Each structure stands twice: as C-alpha cells, then as structure tokens.
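Colleague: Single-letter residue listing:
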Amino acid sequence: MSDLESFREETVAWLEANCPPEMREPMVDENDICWGGKNPTFNPGQKEWMDKMAAKGWTVPDWPKEYGGGGLSRAETKVLLQEMGRLKIRSPLSSFGIWMLGPALLHFGTEEQKLHFLPPIARGEVRWCQGYSEPGSGSDLASLQTSAEDKGDHYLINGQKIWTSYADKADWIFCLTRTDKTSKHKGISFMLFDMTNKGVETKPIVLISGQSAFCETFFADVEVPKSYGEGVSSVVGEVNRGWDVAKYLLGHERSMISGDGSSGATSLGSKFADQFGRDEMGRLDDPMLRAQMADMDIDVLAFRAMAERFGDTFKANLCHPAQPNMMKYAGTEINKRRHELIMSAGGSEVLEWESDASNGGLTARGWLRTKANSIEGGTSEVMLNVVSKQILRLPNA
Amino acid sequence: MPLYLNDDQKMLQDSAADFMKGEGDVAHFREFRDKNCKDGFSHALWKQFAEMGFTGILVSEEEGGLGLGHVEAGVVLEEIGRNLTPSPFLATAVAGVEALNAGGKALREKYLPGILSGDSVLALAIDEGAKHRPDQISMAATREGNGFKLDGKKQFVVQGGSADTLIVVARTSGSAGEDKGLTVFAVDANANGLAKDSVRLVDSAMAAHVAFDDVVVDADAVIGEVDEGNAVLQRMLNAGRAGSAAETLGVGAGAMDITVDYIKGRKQFDTIIGSFQALQHRTAHLYSEMEIARATVLKSQQMLDEGSSKAAMMVSVAKAKAGKATALSVREGVQMHGGVGMTDEYDIGLYMKRDRALAEFMGDANYHTNLVAEMHGY
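Just so you know, the sequences run in chain order D and W.
The opening position of the first sequence corresponds to residue 24 in this note's numbering, with each subsequent residue numbered one higher.
The opening position of the second sequence corresponds to residue 3 in this note's numbering, with each subsequent residue numbered one higher.
Keep in mind the hints are simulated off the structure, nothing from the lab.
Quantities reported herein were computed from a predicted structural model and do not represent experimental measurements.
We treat Cβ as the ideally placed atom computed from N, Cα and C, and that holds for glycine.
There's no promise every hint is true.
In silico lysine-lysine, DSS-like type, Cα no more than 27 Å apart, as pairs [said to hold, decoys possible]:
#1 W:107 / W:182
#2 D:338 / W:12
#3 D:88 / D:338
#4 W:312 / D:101
#5 D:412 / D:359
#6 W:312 / D:111
#7 W:312 / D:294
#8 W:155 / W:198
#9 D:174 / D:207
#10 D:101 / W:12
#11 D:412 / W:266
#12 W:269 / D:412
Label pairs and their computed distance ranges (CB to CB) [what the hints assert, rightly or not]:
#13 W:112 / D:87: 55 to 61 Å
#14 D:221 / W:267: 58 to 64 Å
#15 W:3 / D:63: 36 to 42 Å
#16 D:52 / W:280: 39 to 45 Å
#17 D:398 / W:199: 55 to 61 Å
#18 W:279 / D:228: 28 to 34 Å
#19 W:376 / D:382: 28 to 34 Å
#20 W:376 / D:163: 46 to 52 Å
#21 W:342 / D:227: 53 to 59 Å
#22 W:267 / D:205: 37 to 43 Å
#23 D:398 / W:279: 16 to 22 Å
#24 W:341 / D:205: 45 to 51 Å
#25 W:3 / D:67: 38 to 44 Å
Sample of chain W residues lacking proximity to chain D, with all beta carbon distances greater than 12 Å (derived) [stated by the list, open to error]:
#26 37
#27 47
#28 215
Bound conformation, chain D alone:
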C-alpha cells in the first residue's frame, strides 16, 4: 500500500471514530456554519468537532504544524477533503482568518506575526473580518480613503468600510488603510486591529434576501498600536505596500468564491425528477426543465474538474497568476444560474418567504444571496477585464 493509501485508511478510521453524528447531518442554512470566535454560538456537536479537528491541526490541514496546522501535503489534504466529502462530514471551522488572513500572513508575515496570530485562528478562538470596500471604492478598490495617521507609537484610524462580512460578530479586522495620500497604490497599508477598540462601530445592512451578512463599519479616531509585541507589527508587509498583500489575497478570495460553482454534490436533475415524477422512459417529466438540468449537470461537473485542475496547478505554481479571476468569474456565474434553475423548478412554493414549509424562505433567500457572488470580491466585469489584459494581453483602450 502506498503512503497515501495508508494515510487514507487511517484518516477514514479517525474521522469515523471521532466525528460527532450531528456533524454528519447535511447543512441546512448559514446557522449551521461554525465560525468560532470569542463570543461563539455553537450548535450541538460543533464545539466538540472543532476542538478535535483543531487538536490534529485539521481545521487548517495544509498549514505548517508550528502555526496550528496539520502540516499535510497537497495530496494528503486532497485525500482528507475527499474523505470528509464522501462521509458527508461538515467543515469543523469556517473563518475569514483561515481563508484570507492566514494565507496573507503565511506569505507576507514575520515569524513573530505568524506565531502570534495563526494558532488562535486554527483553534477557532479569534474571529476575523475583512475591511476592504468603502462606499466610494468598489471596483476601484485602490481609491480607498480610510486614513491611518502616524502618531508615533500608534496609528489613528478614521473612515468607513462597507460590505464588511459579519463585522458585527468579528473580534478582529484586517483592514486596508491609507497611510500615504500622495500615491494611490503605494500609499495603502494592511493593518490588523481589535474590533473592541474605542471608536469602532458596526451597522448591519439589510439585503434583498432579508438577511444581514454584511455591515457598514465606522472608524472614528480609533487608536491602533504599531506593535503587539516584539516583531509583531500591526502592519502586515511593509507600510504603504499593503496593496501587494491585498492583491495576493484577492486571488485567494476569488478562488474561494469560485468554489460555489462546484458545490451541490447531487445532480439537480435527479433531485427534481423525484419531485416532478418521471415519464414511462424514466425521464424527468418536464422536457424543457430536464434539458436545462442536464446542461447544468454538465457545467457543474465540468467546473468541478476545472476546480481540481486549478487547485493542482496553483499549488504547483503552474497556473497563470491571474487565473483566480477566471475561476471567480466562471464559478459565480454557474452558481447564479444554478439557483435560477432551482427557483424555476420550485415554482410557486419557493416564493414563500416566511412559512415553515419553506423553512423561512430558504430557497428564495439563497437565490437572492447568490446575486452578490458576481459582485463581491470583484465583479464579473472586472474579472473579465483582468483576464483580457493579464492573460490574453489585449491592449488598453
């Protein structure tokens, strides 16, 4: 047996022995996501599962062990995720710390910053949010104005962020601030600070889905220390070079959002055939809908192969650096189409917004949520601009 196959066997055995049964139930909605943090809300089984996985480093399986990770290779990580998928085991911990800040620190952080910030992320002890967009800086993110004035031993932050996901529930923020007004791209810094600081205020934004995953975040004379200890600067990378970190992270964010394009394990068509009934040939008894479902199956399976290839080439440094933009574009557009189809198949029943039968309008709210996919983290139009300029090398107007 190869090393990888014995790893697979041991992994399956451990997962089956340790995963609480509640964590093998399908997720119903966003409340089933375990976010951790200083003021966590845990459903049954969540804390146990998070702690057990964190003890093995498997909340962040491919991070190095010294930072709380599992130290697994790409191939081992793939096996772990495959087996978790196969056994229908939920992710033990989701967080912007894992998806975003972690990769930024691993790439740009000092050793001291890594040792200070990463292990609490891996253990789910600190919940982070991301301060990027501002009311006047959407697609043109680098025009951001939130200022960080140098006051000797600290920075003084003033300004406003918007679309800050779960800012009202987060403990800390990684935030783009303007440290030099004379240079657009080389006047931005990537700062880390505590959301309980005096002067930080958050206000949830009600969306068309009726939900409020995003916030407006206000900073009024917020004092951020320059250092949290020796070698632990509050700025990641160099001062005024935060745009480099931001760009690197946008790549991660785009790859992550693109993952929605390959989610949804079972084929839509087989699910709805059970609901609609079948004709005498065993086909879904609505030919137009069947054709659309089959098209969607092709696109979802195709995108799943693309996601695998992207992951493999990304890790091996074989993919174009702008490829995450293509992934984000394709993945989000598929996910939006998928939810359109789910709404269409559901008919009038999925219009119900508050009924118990509709689980509080779960399908409709989910459909509306997907409309943000092609806006957040860079719009589809911006993705296409980047692909055409950086990959296809088409000229500027």
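Add chain W to chain D, keeping to what the hints say.
Modeller: Then chain W, alone, in the frame of chain D:
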C-alpha cells in the same frame, strides 16, 4: 494524480506540436484539399506518424507499441486539432486500436503491425442515420456457415474510402435498443458485396456511405464475443469520444489564438479593435470556457487510464463541454474577424468547418448532455 500533464507528457506535447506544425500545418491541409485528394490526407504523413511512434501510443509494449494511455493520445490529438492536420489517427490509432485491445490476441497480431508501420488505415462503421445513435444499431449479421453474413448500410464512415479494414458494429441477435446482441467485426474493406460511396464533407475530409450486400466474414473476424459486442463498442466509443474531445479542444484553442492575434493587430477608428471592451469581455469569456473544457478533457482521459467506473460519465461531460466551448470559439472567431472571416484566404473559417464535422463524430453536445442525464437516472 494531479490534473495537469507530467514531464513525459509535456515532452510528448512539445514533439507532437513541432511535428504537426512542421509537417502537417494548415498549409498542408490546404494542399491536400486543393488537389481534391480522394483520401483527404497524406499517406506519406501517416507513415511519418508511425515513425514518430504516435500510431503505437495505445498499443502495449509487448505488442510493439509505446504502451501509453488516453492522456498521451489526447496530447497528440490536441495538436492535430490545433493545426487541422488531416490524418486517420483518431479512427485508426485511438478508437480502432482500442477496439482491437478489447478483443483477442489473434486479431491484434493480424492488424497491429500495419498500424504500427503506418501502412494500414482503419475506419469505423457505426452510424446508420444522420445522428449518432449507437444504441439503435440494427444492421444485421446472420450466421452463415462458419461465419457471418452482413447486410445493411452504414454512413459517416470517416475515411472509409481509404481504409483497408472497417470496424463494423452489427446486430447478431435481439433488436434495436438492446445492449445484448451486438457484435463487432473487423471486415476487409475490399470484401465482395461491400460498396463504398465516398463523399467530401464540409471540412474537406472524406467519409463513406457503405452498403453491405451479403458480405461474408469468417468467425475469427469477430472482435470480442458474439452478441457481447457492446463491451467492445463502449470501449471504442469511450476512446473515440475522449479523443475527439481532445481534437475539438485543439481546434477551439487554435481558433482562439488566431482570433486573439487578429484583434491585436486590426485597427479601425485609428484604434486596435482588441482594446474595445465589447471584444475583450467576449474573448475573456471564451478563454474561461476553453479552460474549463481543457480540465474536462484531461480528467476524462485520466479516468479512462485509471480504469475508473465513472469514466464514461466524464467522457460525455468532456465531449459536450469541449464541443460547446469550441463551437463558441469558432463562431466568435469568424465574427471578430469581420469580413475577412468569411474568406477562404483566412484560416478561421477552416476551423469552423472542422469543428462542425468533429461535433457530429460519436455524438454531439446534445447527445452527450442527454446521456449524462440518463446516467444520473433522470
């Protein structure tokens, strides 16, 4: 296995790319088209394919081949597609060899040497109507003495007029729609009672309508088992479909490269038209579709090589996705070329025509999309 080419496969890709560009590029394609060649391809080039080892990619090493897999066959096919190289590679060295691999050793000993040397050409006689419907095959093969007698008609037998041997799928029992009862035969293309009417297709390739009128074959012409030919057929179809998806991918990638180059050079309103966002977004979308298609093609080939039980599903995904992406590539290509896209002088139209013919080979995107729905049980 990571979903990208390994170093050996990259090397094969480089040599296949150099070879097709050097020996079988679009100028070569035009030469054979313009002299109204009855084969539609060069036998000399086919010999060179053999010298390069390409015709033995799917032949085991013990039998004199390279003992490689579908990924490697696909690498060669993509370059064929990109250069519009006319050759019998797909039918002979991929689908044909895979059919032989599914049968007994005796037939391989008879046919493989000619394939390995580039002297032999195989053609596939599967389709009986305008659309690919292998489950509806009804051509009859009835017992006759020690062998069988074939009666019926086949069409879209690509390069059927040039082949020395036809791989023929016929029904020895049962009726159309049943898996059991199919039998696959290797038939001498010059057998008595076999009539071939070769016609030129839109992409300048030659295909034959083949009529079988009491064509007698020996029992040892059966590939695999009598009545159990569906296993041979499915293996041949998987190889041919994954292979044609790879060739299609090459056609789409070639068309996209030509088009991107064109819009980088063409000026209107004193401006390079490739700087217009109206074209940039469409081109970037096309790039995205082609990248996804590439992932599906490689995935399907890897799964075939691993012998995965789910390979057929991925092969259909690849054939459908590569078909759709390449259809988009050639349509956008002609449109973005503007008026010159309509001329014979520019190559883009040749890619459009090649894609149209490849799309019909072993099932188009609709056929495979329907198949995926059926495999999912709806």
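Colleague: With reference to the structure, classify each hint as holding or not holding.
Modeller: Against the structure, the hints:
1. Restraint check for residue 107 of chain W and residue 182 of chain W: satisfied, since their Cα atoms lie roughly 23 Å apart, inside the 27 Å limit.
2. Simply put, residue 338 of chain D and residue 12 of chain W have alpha-carbon atoms about 18 Å apart, close enough for the 27 Å limit, and the pair holds.
3. Between residue 88 of chain D and residue 338 of chain D the CA atoms are separated by roughly 18 Å; this keeps the pair inside 27 Å, and the hint holds.
4. A distance of roughly 19 Å separates the Cα atoms of residue 312 of chain W and residue 101 of chain D; the hinted pair therefore holds under the 27 Å criterion.
5. For a cut-off of 27 Å, the pair hint linking residue 412 of chain D to residue 359 of chain D stands: about 25 Å separates their Cα positions.
6. Using a Cα cut-off of 27 Å, the hinted pair residue 312 of chain W and residue 111 of chain D holds, with the two alpha carbons roughly 20 Å apart.
7. Restraint check for residue 312 of chain W and residue 294 of chain D: satisfied, since their Cα atoms lie roughly 20 Å apart, inside the 27 Å limit.
8. A distance of roughly 10 Å separates the Cα atoms of residue 155 of chain W and residue 198 of chain W; the hinted pair therefore holds under the 27 Å criterion.
9. Our distance criterion of 27 Å between C-alpha atoms is met by residue 174 of chain D and residue 207 of chain D, whose separation comes to about 21 Å.
10. Using a Cα cut-off of 27 Å, the hinted pair residue 101 of chain D and residue 12 of chain W holds, with the two alpha carbons roughly 24 Å apart.
11. Restraint check for residue 412 of chain D and residue 266 of chain W: satisfied, since their Cα atoms lie roughly 12 Å apart, inside the 27 Å limit.
12. About 18 Å separates the Cα atoms of residue 269 of chain W and residue 412 of chain D, which keeps this hinted pair within 27 Å; it holds.
13. Range check, residue 112 of chain W to residue 87 of chain D: about 59 Å between beta-carbon atoms, so the 55 to 61 Å window is met.
14. Here the CB-CB span from residue 221 of chain D to residue 267 of chain W is close to 60 Å, well matched to the stated 58 to 64 Å.
15. In this structure the hint that residue 3 of chain W and residue 63 of chain D lie 36 to 42 Å apart at CB holds, the actual value being about 39 Å.
16. For residue 52 of chain D and residue 280 of chain W, the hinted distance range of 39 to 45 Å is satisfied, since their beta carbons lie about 40 Å from each other.
17. Taking the beta carbon of each, residue 398 of chain D and residue 199 of chain W are about 58 Å apart, inside 55 to 61 Å as hinted.
18. In this structure, residue 279 of chain W and residue 228 of chain D meet the distance hint of 28 to 34 Å, their C-beta atoms being roughly 30 Å apart.
19. In this structure the supplied range 28 to 34 Å holds for residue 376 of chain W paired with residue 382 of chain D, their Cβ-Cβ distance being about 32 Å.
20. Hint check: residue 376 of chain W to residue 163 of chain D, Cβ distance near 48 Å, so the stated range 46 to 52 Å holds.
21. Checked against the hint of 53 to 59 Å, the C-beta distance between residue 342 of chain W and residue 227 of chain D comes to roughly 56 Å, which is consistent with it.
22. Between residue 267 of chain W and residue 205 of chain D the CB atoms are about 39 Å apart, so this pair conforms to the stated range of 37 to 43 Å.
23. Range check, residue 398 of chain D to residue 279 of chain W: about 18 Å between beta-carbon atoms, so the 16 to 22 Å window is met.
24. Against the hinted window of 45 to 51 Å, the Cβ-Cβ separation of residue 341 of chain W and residue 205 of chain D comes to about 50 Å, which satisfies the hint.
25. In this structure the hint that residue 3 of chain W and residue 67 of chain D lie 38 to 44 Å apart at CB holds, the actual value being about 39 Å.
26. Against chain D, the non-interface label of residue 37 of chain W holds: every CB pair exceeds 12 Å, the least being about 37 Å.
27. Against the 12 Å criterion, residue 47 of chain W stays outside the reach of chain D, whose nearest CB is about 32 Å from its own CB.
28. For residue 215 of chain W, the condition that its CB be more than 12 Å from all CB atoms of chain D holds, with the nearest at approximately 35 Å.
Of the hints listed earlier, there is not a single one the structure fails to meet.
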